[in-house]
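Student: What follows is the residue order along each chain.
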Amino acid sequence: MMSAPGTSEKEIWPLWEVFVRASRGISHTHVGSLHAPDAALAVRNARDLYTRRGEGVSIWVVPADAITTSDPDAKGAFFESPAGKNYRHASYYSKSEGVKHL
Amino acid sequence: MTETNRADAAADAHGHVAVDQVVLSAELVEGASVASRDVAEYALWLGDDALIIAQQLGWWISRAPELEEDVALGNIGLDLLGHARSLLHYAGAESDRTEDDLAYWRDEPQFRSAHLFEQPNGDFAHTIARQFIAAHYLFELYTRLQASGDATLAAIAAKSVKEVDYHRDHAVQWVLRLALGTEESRRRMMTALSDLWPYVGELFADEPLIDRLEGVAVRPSSLRQAFDDAVAPVLAEAELEVPGGFVSSGGGRRGKHSENLGFILAEMQVLARAHPGASW
Numbered sequence: 002m003m004s005a006p007g008t009s010e011k012e013i014w015p016l017w018e019v020f021v022r023a024s025r026g027i028s029h030t031h032v033g034s035l036h037a038p039d040a041a042l043a044v045r046n047a048r049d050l051y052t053r054r055g056e057g058v059s060i061w062v063v064p065a066d067a068i069t070t071s072d073p074d075a076k077g078a079f080f081e082s083p084a085g086k087n088y089r090h091a092s093y094y095s096k097s098e099g100v101k102h103l
Numbered sequence: 002m003t004e005t006n007r008a009d010a011a012a013d014a015h016g017h018v019a020v021d022q023v024v025l026s027a028e029l030v031e032g033a034s035v036a037s038r039d040v041a042e043y044a045l046w047l048g049d050d051a052l053i054i055a056q057q058l059g060w061w062i063s064r065a066p067e068l069e070e071d072v073a074l075g076n077i078g079l080d081l082l083g084h085a086r087s088l089l090h091y092a093g094a095e096s097d098r099t100e101d102d103l104a105y106w107r108d109e110p111q112f113r114s115a116h117l118f119e120q121p122n123g124d125f126a127h128t129i130a131r132q133f134i135a136a137h138y139l140f141e142l143y144t145r146l147q148a149s150g151d152a153t154l155a156a157i158a159a160k161s162v163k164e165v166d167y168h169r170d171h172a173v174q175w176v177l178r179l180a181l182g183t184e185e186s187r188r189r190m191m192t193a194l195s196d197l198w199p200y201v202g203e204l205f206a207d208e209p210l211i212d213r214l215e216g217v218a219v220r221p222s223s224l225r226q227a228f229d230d231a232v233a234p235v236l237a238e239a240e241l242e243v244p245g246g247f248v249s250s251g252g253g254r255r256g257k258h259s260e261n262l263g264f265i266l267a268e269m270q271v272l273a274r275a276h277p278g279a280s281w
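In order, the protein sequence lines correspond to chains A and B.
First residue of the first sequence? That's 2 in this note's numbering, and the numbers climb one at a time after it.
First residue of the second sequence? That's 2 in this note's numbering, and the numbers climb one at a time after it.
Isolated chain A (complex conformation):
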């Protein structure tokens, strides 16, 4: 059976998740993952793997095992509740005059 990336014992280097900010004012976006022996080299590997065509101005790397994820089997309980509750969308409210950038 194939193991998830970063969990096989044959993989010596830990897995890192990479976030790249495309330009100033935009938030960092998850772009993928990579292996690196430590954080300093993870940033450098990320530079080589994810920004070599000029995609970014800033990189974050996070150890993959530092990320806590939602349970994919609990999708129903987690994400289906908003269905039918369209009052949660702001479209029912009229915008005040003078608020230009909402």
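Keep in mind that the hints were calculated from the coordinates and are not lab data.
Cβ atoms here follow ideal geometry from the backbone N, Cα and C, with glycine treated the same way.
Do not take every clue at face value.
As the list claims (entries may be wrong) - What the simulated footprint calls covered on chain A by chain B, stretch by stretch (three residues with Cβ under 8 Å from a Cβ of chain B suffice, anywhere in the stretch; the number is not a length):
#1 29 to 38
#2 49 to 63
To be verified - Pair ranges (Cβ atoms, derived):
#3 B/Asp166 to A/Gly26: 22 to 30 Å
#4 B/Gly256 to A/Val58: 39 to 47 Å
#5 B/Gly182 to A/Ala78: 40 to 48 Å
#6 A/Arg54 to B/Leu181: 27 to 35 Å
#7 B/Arg220 to A/Arg54: 31 to 39 Å
#8 B/Leu68 to A/Thr69: 25 to 33 Å
#9 B/Leu181 to A/Ser59: 26 to 34 Å
#10 B/Glu67 to A/Ser97: 50 to 58 Å
#11 B/Gly182 to A/Arg54: 26 to 34 Å
#12 A/Asp39 to B/Asp166: 17 to 25 Å
#13 A/Arg25 to B/Leu181: 33 to 41 Å
#14 A/Ser24 to B/Ser259: 46 to 54 Å
#15 A/Ser24 to B/Ala267: 41 to 49 Å
What the hints assert, rightly or not - Below, computed lysine to any residue pairings styled on SDA-like, alpha-carbon distance capped at 20 Å:
#16 B/Lys163 to A/Ile60
#17 B/Lys160 to B/Gln147
#18 B/Lys163 to B/Val232
#19 B/Lys163 to A/Arg45
#20 B/Lys160 to A/Thr52
#21 B/Lys257 to B/Trp198
#22 B/Lys160 to A/Arg48
Starting from the known structure of chain A, arrange chain B on it as the hints suggest.
Tutor: Chain B alone, transformed into the frame defined by chain A:
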């Protein structure tokens, strides 16, 4: 890269570069001055250094310790190949030869690369030691060459210096990790450094050509102090001694090479020589 190219690349995250259409940087086309014979010879020194080490780094693709390091070494190799293309393009104009003519149709005695660059890849530590020396040398060289009286060489240096600055950082990171890692990695790093250090001297040796290029070329011996000052703190942090002992007599700038270069050229040139004029 021209402004138009840059705008296009920004519009499409992956750019749209066709492999056979990678154009040389604008600095080589504009002005269109042809190098004198001496300047062309000097451009060959620098271009051959970059070409030979780029060819060697390509070997690591699929063979580095991890996929990520394949890409890192491949990227560095491609940066250096870019420098080689610009420099050989410039060098070739004097004798009406293209960069490909120079890369594929010269034999060992016509190559002007220093011996460091033809040293075998060895294990990963040897490649890192070679990169460590090469990148520090190239960084000091291109930093100074930006002020060259030759506009084309100055422009190539200005573009290249940022790239070799990163190569330097990459090598430093690995020297520290190998030297301060396990007993085995430290042993390999020390062996590699003492195997490669004999080829440092040739990089800083002045040749008669340099006397004729005052204000154009950078005098190699004038870079030695800056090189020593840059590598010393890294070696100290890595708890490594500057190796002494045997010093290679060099001769690369005069076309005298070790047997290593023959093997490198054989692999690099075989396809172009089997299919003259082919493009791919």
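Student: Next step is simple, just say for each hint if it's right about the structure.
Tutor: Tested hints:
| no. | hint | verdict |
| --- | --- | --- |
| 1 | 29 to 38 | holds (count 4) |
| 2 | 49 to 63 | holds (count 6) |
| 3 | B/Asp166 to A/Gly26: 22 to 30 Å | holds (27 Å) |
| 4 | B/Gly256 to A/Val58: 39 to 47 Å | holds (45 Å) |
| 5 | B/Gly182 to A/Ala78: 40 to 48 Å | holds (46 Å) |
| 6 | A/Arg54 to B/Leu181: 27 to 35 Å | holds (34 Å) |
| 7 | B/Arg220 to A/Arg54: 31 to 39 Å | holds (38 Å) |
| 8 | B/Leu68 to A/Thr69: 25 to 33 Å | holds (27 Å) |
| 9 | B/Leu181 to A/Ser59: 26 to 34 Å | holds (29 Å) |
| 10 | B/Glu67 to A/Ser97: 50 to 58 Å | holds (56 Å) |
| 11 | B/Gly182 to A/Arg54: 26 to 34 Å | holds (32 Å) |
| 12 | A/Asp39 to B/Asp166: 17 to 25 Å | holds (21 Å) |
| 13 | A/Arg25 to B/Leu181: 33 to 41 Å | holds (37 Å) |
| 14 | A/Ser24 to B/Ser259: 46 to 54 Å | holds (48 Å) |
| 15 | A/Ser24 to B/Ala267: 41 to 49 Å | holds (46 Å) |
| 16 | B/Lys163 to A/Ile60 | holds (18 Å) |
| 17 | B/Lys160 to B/Gln147 | holds (9 Å) |
| 18 | B/Lys163 to B/Val232 | holds (18 Å) |
| 19 | B/Lys163 to A/Arg45 | holds (15 Å) |
| 20 | B/Lys160 to A/Thr52 | holds (18 Å) |
| 21 | B/Lys257 to B/Trp198 | holds (19 Å) |
| 22 | B/Lys160 to A/Arg48 | holds (18 Å) |
Hint violations for this structure: none, all hints satisfied.
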